[in-house]
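Novice: These are the residues of each chain, in order.
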Amino acid sequence: MAFGPAVLMLVVAAVTVANIGEVAMDQLWVTHTHEVIETLLVVQRESARAEANQRAYWLGGSAVQRARYEAAVEQTTTSLDHLVSLTADSPERQQRGRDLTHRVHHLFEEPAMDPASEADLDGVVAQAQSMVDVERKLLSERRRALDRDRLRTLVVLAVGSVVAFLFGVAVNASTRASLAERTRKGVELQLMLLQRNRALAELETSNADLDQFAYVASHDLKAPLRGIANLSAWVEEDLGGAMTDGAREHLKRLRGRVHRMEALIDGILAYSRAGKATQPIETVAVGALVREIVEILAVPEGRVAVRTSASLPTLRTERVPLQQVLMNLISNAVRHNTREGAEVAVEARRAEEAWELSVLDNGPGVAVEYRERIFGIFQRLDSRDKVEGAGIGLSIVQKLVTRRGGRVWVDESPSGGAAFRFTWPDRSTVDSALDAPLPDRHEASLTPP
Amino acid sequence: MTDPKAINLLLVEDDEIDVMTVRRAFEKGNIANPLFVAGDGVEALAMLRGGHLPPERRLVLLDLNMPRMSGVEFLREVRRDPALQALPVVVLTTSNEERDRVEAFQLNVAGYLLKPVTFSAFVDLMVTINRYWTLVELP
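Chains A and B supply the protein sequences, listed in that same order.
By the count of our numbering, the first sequence reaches residue 585 at its end, each step adding exactly one.
By the count of our numbering, the second sequence reaches residue 151 at its end, each step adding exactly one.
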């Protein structure tokens, strides 16, 4: 494309050279015709002169006239030869040249005072004249051809140049345009990248702020609670025997409410923190993880038996969130299962790209109508007084699981209890080089104001 | 007659109830040590430098979340001051944050204790602290 104009110029140049060649040829032919005419005119003139001098010499002429006569004859003869050779390109005209030559010779051969010689001279002059006329016509034809070709050369050159120029301008413009377009696209992309980075930075800041806020809020909210609990204990102490049983009962309930509030605050903090930053990817053996959780929860051996199935896999995943999810589910299962021979089982099975893990129990189970609601924050099915627990555990589980693109739900276990199931990604198939851990979030400033 | 080996305790705490808790715990635990109280880091430094406490056998019980000057800032100031550098400090706080613990120990605290939830536990804790530090040879 970029060579278009250059190629066009080359073509125009080539054509123009050809044209110039033609014009040169035309020029030559015009000159040629001029020469023919000239020659004919010379023949005309000289043959007349020869006759005149012949006559004068015969009438009593001098050597000068004779010399003139001979010169004129020679001149005429030479011119006639020249004429014949000039018209070699056109057999017809050449023939007429030869005819003229014969007539002239015949004229010269005649004795000077021959009465026929005047008529012969007129004949020669007339023939020469008619040949001149023919040449003149030819001349104007050739002149026309010359002019025409000159014009054509000029036009082709001019038009060709203009076209090539415009072409060049167009190519230039289009190149410039496409370059501008590309630059514009590049700038756009850069802008998008900048915006994305800025949004990311803002998100990080707001996350850090939220973290800080949650920490400070929980701390400042808990301080007065502690005070209330202590004061109520001291009131009881100070009054001692003077306190009625009813009053004592009230104070006990008061402290219970205080502890509940503390638990709720802790729950909110935990929920807001759940799934904050991405943790590093580790190799986690789920079975071992479950046993660890059982130890942390300090589940009394005799009360509940926690079984791990052999199908529990070893994954590459974020350890802490998975631990949190399992811990909440197992702790729930243990807490709500108060029957004899209480059992909790943890199983796993493969589901497409992920694993489906299940925590089953033989406890009271969850009625169908409540199976959605229990994942809501602070949602509980038992009244708060019967079973301790802030109602956060399941909402944290949901947050952690859905954040990883999975889902969590509850249905019935084979023994009639609850089966809490969730899907969790296994990063074993993902290139571990991609999983660079983000900087530790807890390094964000946590110094309270 | 005060025990010459008795520890002079400076409690740096802004919460009034928490101060009362400590006092009552001392009573309950029969701890007769001199107890001085500063409402925040600034006051505490003033008391330490201004001679409000006896110059020897001093122990600071330090809360972390305080106005004007936080516990950590107080600690930094103490460690910077040649006269106070060697002062033993025990952190007594509600914060179980990793970050706070790391910072405190980097500033050479002699202990990091969480305020017990129940009062009886609080009493036990105070008794333990007192017993331990009474045994310790201080510069």
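Among the clues, some could well be false.
In silico SDA-like cross-links for lysine to any residue, where the CA-CA straight-line distance does not exceed 20 Å [what the hints assert, rightly or not]:
1) A:K535 to A:G552
2) B:K17 to B:Y144
3) B:K127 to A:S368
4) B:K40 to A:E373
5) B:K40 to A:D374
6) B:K40 to A:W370
7) B:K40 to A:I401
8) B:K127 to A:A399
9) B:K127 to A:M397
10) A:K388 to B:F131
11) B:K40 to A:G477
12) A:K358 to B:Y144
13) B:K127 to A:G376
14) A:K358 to B:E109
15) B:K40 to A:Q231
16) A:K388 to B:R80
17) A:K358 to B:I29
18) B:K40 to A:Y351
19) B:K127 to A:I401
20) A:K358 to B:S82
21) B:K127 to A:A369
22) B:K40 to A:V371
23) B:K127 to A:Q231
24) A:K358 to B:L125
25) A:K358 to B:E28
26) A:K388 to B:V129
27) B:K40 to A:L400
28) B:K17 to B:R143
29) B:K127 to A:V352
30) A:K358 to B:K17
31) B:K127 to A:W370
32) B:K40 to A:A399
33) A:K388 to A:L400
34) B:K127 to A:G438
35) A:K358 to B:M32
36) A:K358 to B:V31
37) B:K127 to A:V394
38) B:K127 to A:R557
39) A:K273 to A:Q231
Just so you know, these hints were derived from the structure itself, not from any lab.
Here the structure is a predicted model, which is why all the values come from computation and not from measurement.
Novice: Against this structure, judge whether each hint is valid.
Specialist: Status of the hints after comparison with the structure:
Between the alpha carbons of K535 of chain A and G552 of chain A the distance comes to roughly 27 Å, so the proposed pair goes past 20 Å and is violated. The straight-line distance between the Cα atoms of K17 of chain B and Y144 of chain B is roughly 12 Å, inside the 20 Å bound, and the hint therefore holds. For the hint linking K127 of chain B to S368 of chain A, the alpha-carbon distance of about 17 Å falls within 20 Å, and the restraint holds. For the given pair, K40 of chain B sits about 11 Å from E373 of chain A by alpha-carbon distance, which is consistent with the 20 Å threshold.
At most 20 Å may separate the alpha-carbon atoms for a hinted pair to count; K40 of chain B and D374 of chain A meet this at roughly 12 Å. Of the pairs offered as hints, the one joining K40 of chain B and W370 of chain A holds, with about 12 Å between alpha carbons and a cut-off of 20 Å not exceeded. The hinted pair formed by K40 of chain B and I401 of chain A fails the criterion: a straight-line CA distance of about 30 Å is larger than 20 Å. Pair hint K127 of chain B plus A399 of chain A holds up; C-alpha atoms about 16 Å apart against a cutoff of 20 Å.
Restraint check: the Cα-Cα separation between K127 of chain B and M397 of chain A comes to about 18 Å, which is no more than 20 Å; the hinted pair holds. As the CA atoms of K388 of chain A and F131 of chain B are separated by approximately 14 Å, the hinted pair is consistent with the 20 Å bound. Distance hint between K40 of chain B and G477 of chain A is unfulfilled; the C-alpha atoms sit about 44 Å from each other, more than 20 Å. Distance check on the hinted pair: K358 of chain A and Y144 of chain B sit about 30 Å apart at the alpha-carbon level, beyond 20 Å; violated.
With a C-alpha separation of about 25 Å, the suggested pair K127 of chain B and G376 of chain A falls outside the 20 Å cut-off, and the hint is violated. A distance of roughly 15 Å separates the Cα atoms of K358 of chain A and E109 of chain B; the hinted pair therefore holds under the 20 Å criterion. For a cut-off of 20 Å, the pair hint linking K40 of chain B to Q231 of chain A is broken: about 158 Å separates their Cα positions. Distance hint between K388 of chain A and R80 of chain B is unfulfilled; the C-alpha atoms sit about 36 Å from each other, more than 20 Å.
Of the supplied pair hints, the one linking K358 of chain A and I29 of chain B holds, its CA atoms being roughly 13 Å apart against a limit of 20 Å. Restraint check for K40 of chain B and Y351 of chain A: not satisfied, since their Cα atoms lie roughly 33 Å apart, outside the 20 Å limit. This hinted pair checks out: K127 of chain B and I401 of chain A have alpha carbons roughly 17 Å apart, not beyond 20 Å. For the suggested pair K358 of chain A and S82 of chain B, the alpha carbons sit about 18 Å apart, so the restraint of at most 20 Å is met.
Simply put, K127 of chain B and A369 of chain A have alpha-carbon atoms about 16 Å apart, close enough for the 20 Å limit, and the pair holds. Distance hint between K40 of chain B and V371 of chain A is fulfilled; the C-alpha atoms sit about 15 Å from each other, no more than 20 Å. A threshold of 20 Å between alpha carbons decides the hint, and for K127 of chain B with Q231 of chain A the separation of about 142 Å lies outside it, so the pair is violated. Among the hinted pairs, K358 of chain A with L125 of chain B is consistent with the structure: their alpha-carbon atoms are about 17 Å apart, no more than 20 Å.
The straight-line distance between the Cα atoms of K358 of chain A and E28 of chain B is roughly 14 Å, inside the 20 Å bound, and the hint therefore holds. With a C-alpha separation of about 15 Å, the suggested pairing of K388 of chain A with V129 of chain B holds against the 20 Å cut-off. Between the alpha carbons of K40 of chain B and L400 of chain A the distance comes to roughly 31 Å, so the proposed pair goes past 20 Å and is violated. A C-alpha spacing of about 11 Å is found between K17 of chain B and R143 of chain B, which places the hinted pair at or below 20 Å, so the restraint holds.
Between K127 of chain B and V352 of chain A the CA atoms are separated by roughly 17 Å; this keeps the pair inside 20 Å, and the hint holds. Under the criterion of a C-alpha separation no larger than 20 Å, the hint pairing K358 of chain A with K17 of chain B is inconsistent with the structure, at around 37 Å. Restraint check for K127 of chain B and W370 of chain A: satisfied, since their Cα atoms lie roughly 17 Å apart, inside the 20 Å limit. A C-alpha spacing of about 28 Å is found between K40 of chain B and A399 of chain A, which places the hinted pair above 20 Å, so the restraint is violated.
Distance restraint check for K388 of chain A and L400 of chain A: the Cα-Cα separation of roughly 19 Å lies within the 20 Å cut-off, and the hinted pair is therefore satisfied. Between K127 of chain B and G438 of chain A, the direct Cα distance comes to roughly 32 Å. Violation of the 20 Å bound is thereby established for this hinted pair. For the hint linking K358 of chain A to M32 of chain B, the alpha-carbon distance of about 17 Å falls within 20 Å, and the restraint holds. Proposed proximity of K358 of chain A and V31 of chain B is supported: the alpha carbons are some 16 Å apart, at most 20 Å.
A C-alpha spacing of about 16 Å is found between K127 of chain B and V394 of chain A, which places the hinted pair at or below 20 Å, so the restraint holds. A hinted pair counts as satisfied when its Cα atoms are at most 20 Å apart, and K127 of chain B with R557 of chain A does not qualify at roughly 39 Å. Taken as a hint, the K273 of chain A and Q231 of chain A pair is honoured in the structure, with Cα atoms around 18 Å apart against an allowance of 20 Å.
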